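The whole structure should be built from the sequences, with the hints applied where relevant.
2 protein chains.
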Amino acid sequence: MDIGSRTELLRSVGLFRGLEREDLAAVAEAAREQPFSRDETLFSQGDDATHGFVVGWGRIRLDKVTPEGQNVVLRHMGPGDMIGIVAVLRRIPFPATPVALEDGLALSWSAGRFAELMNRFPPIALNAIDVVGGRVEELQRRLQEVATQRVEQRIAATLLRLANQSGRKVEDGIEIPFALSRQDLAEMTATTLHTVSRTLSAWDSEGIVESRRSSHLVIRRPHRLAEIAEHA
Amino acid sequence: MDIGSRTELLRSVGLFRGLEREDLAAVAEAAREQPFSRDETLFSQGDDATHGFVVGWGRIRLDKVTPEGQNVVLRHMGPGDMIGIVAVLRRIPFPATPVALEDGLALSWSAGRFAELMNRFPPIALNAIDVVGGRVEELQRRLQEVATQRVEQRIAATLLRLANQSGRKVEDGIEIPFALSRQDLAEMTATTLHTVSRTLSAWDSEGIVESRRSSHLVIRRPHRLAEIAEHA
DNA sequence: CGTTTCTTTGAGGATATTCAATTTATGTGG
DNA sequence: CCACATAAATTGAATATCCTCAAAGAAACG
Chain U
11 MDIGSRTELL RSVGLFRGLE REDLAAVAEA AREQPFSRDE TLFSQGDDAT HGFVVGWGRI
71 RLDKVTPEGQ NVVLRHMGPG DMIGIVAVLR RIPFPATPVA LEDGLALSWS AGRFAELMNR
131 FPPIALNAID VVGGRVEELQ RRLQEVATQR VEQRIAATLL RLANQSGRKV EDGIEIPFAL
191 SRQDLAEMTA TTLHTVSRTL SAWDSEGIVE SRRSSHLVIR RPHRLAEIAE HA
Chain W
11 MDIGSRTELL RSVGLFRGLE REDLAAVAEA AREQPFSRDE TLFSQGDDAT HGFVVGWGRI
71 RLDKVTPEGQ NVVLRHMGPG DMIGIVAVLR RIPFPATPVA LEDGLALSWS AGRFAELMNR
131 FPPIALNAID VVGGRVEELQ RRLQEVATQR VEQRIAATLL RLANQSGRKV EDGIEIPFAL
191 SRQDLAEMTA TTLHTVSRTL SAWDSEGIVE SRRSSHLVIR RPHRLAEIAE HA
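Going down the list, the protein sequences come from chains U and W.
So the first sequence is numbered by the working numbering: it starts at 11 and just counts up by one.
So the second sequence is numbered by the working numbering: it starts at 11 and just counts up by one.
Hint data in this document are derived by calculation from the structure and do not stem from the laboratory.
From a predicted model like this one, the values you see are computed outputs, not experimental measurements.
Yeah, the Cβ is synthetic: ideal placement off N, Cα and C, and Gly gets one too.
Treat the hints with care, since some could be wrong.
[As the list claims (entries may be wrong)] Partial selection, computed: residues in chain W whose CB lies under 7 Å from chain U:
(1) 74
(2) 80
(3) 105
(4) 139
(5) 142
(6) 143
(7) 153
(8) 157
(9) 158
(10) 162
(11) 200
Here's what the structure looks like:
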């Protein structure tokens with residue numbers, strides 16, 4: 011991948027918004043390419059934060075495991091999202107593990123390189139605050155959700171969120187274009203795979219979603235799902 | 011309050027770490043003082059973020075209410091904590107409401123003033139990332155907690171956290187030095203005041219805590235509480 | 001085509017909520 | 001300072017929600 015293509019990629023990355031083309035090129039040049047394949051991890055929770063990443067292509071799931079081994083999915087990420095950069099700046103170990111849901115490519119910068127770039131291009135720091143602020147809001151919303159809503163509502167809200175972030179319109183609804191197991195959904199909604207399975211089975215019967223193991227999940231009646239998410 | 015005192019105050023504020031004394035004085039001079047009394051709100055969720063704040067003295071509880079009126083306590087704040095600054099920088103309405111738990115004083119800066127200061131003193135932006143990054147971590151931890159632990163464990167963990175943040179050693183344990191109703195604790199731990207009441211009653215009988223309505227809560231056996239939080 | 005992984009479904013049970021009533025504190029106006 | 005009104009806390013009983021345990025079925029994989 012040449013510098014021109016990298017620069018093009020970085021143009022749509024929130025973290026580098028407001029940088030001139032030539033500045034972006036400098037940032038692009040300082041990057042290292044890191045391809046990844048499905049089920050691979052970019053790094054592991056607890057590792058030293060030596061590098062920060064930005065996703066080029068491919069989807070990634072961010073996992074956080076408890077000392078007892080229970081997993082919670084913190085968020086899903088795709089092209090343009092930054093990964094691990096806050097840990098780099100705070101000089102703390104990575105607090106979570108990014109797992110690739112499909113093959114892809116990330117760009118990375120060493121901690122030192124990153125510091126240089128931020129120093130040279132002040133907008134980066136402001137953009138970083140914006141991005142991290144967005145994550146705070148997202149987490150606050152999820153916390154509120156887990157604290158005040160029932161499982162069915164949370165599953166509905168989660169599916170709608172995934173659809174909003176990554177959904178593709180298909181003939182009979184909105185498709186969530188990556189593998190999504192019952193276990194995954196359970197870890198996103200703070201419940202068990204059993205409850206997710208029961209819920210999706212019911213929704214399948216009612217024609218609200220279509221969810222078989224082989225194919226991607228399709229939301230057939232988003233409006234109904236929104237109703238469930240809101241009132242129950 | 012004169013500029014000297016304000017400057018002194020700002021010396022211990024994470025957001026302004028690394029600034030020279032004269033820079034701090036400039037920041038202090040640009041601030042407006044905003045006293046507040048118990049139960050007052052600095053602003054309300056949904057308000058336009060015209061000003062950012064830093065707590066001088068006094069404790070504040072940050073609330074977020076759902077459209078249905080259910081409240082979730084996002085965090086407690088005290089001297090040196092910043093409030094609403096991310097919303098100011100992101101140009102979005104305040105996402106939560108800070109309620110004073112006791113009389114106190116905040117310093118505030120207008121959005122425009124803040125932008126100036128960040129421009130003039132680059133360390134502020136980096137510090138902000140650090141602070142906001144810390145909040146992300148805190149929220150991730152709480153999300154994990156709600157997702158994987160039972161109510162009793164969460165209440166125990168919450169009390170220990172409050173003790174760590176604000177606790178005072180007293181003769182027979184650690185005191186949490188502000189009013190803390192069952193309802194408050196319920197909103198912090200994603201449960202109901204009834205369950206909190208039952209739990210504290212039980213702990214009181216076992217001599218783990220001392221919790222009467224008039225006086226502040228005292229943790230008498232922190233170690234036991236830690237056991238409950240960890241294993242249950 | 002056997003093995004592994006994921007999913008479904010049932011039955012039983014634990015945890016925590018809801019509903020309801022009472023007790024205890026706090027605050028207020030006489 | 002007391003009597004009343006208000007707010008907070010306690011506790012019991014009934015119930016809902018969701019989890020755990022268990023087993024079987026279906027799909028993917030080599």
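Legend entry - Those earlier numbered hints the structure runs against, lowest number first: Going through the list in order, the structure violates hint 10 alone and respects the others.
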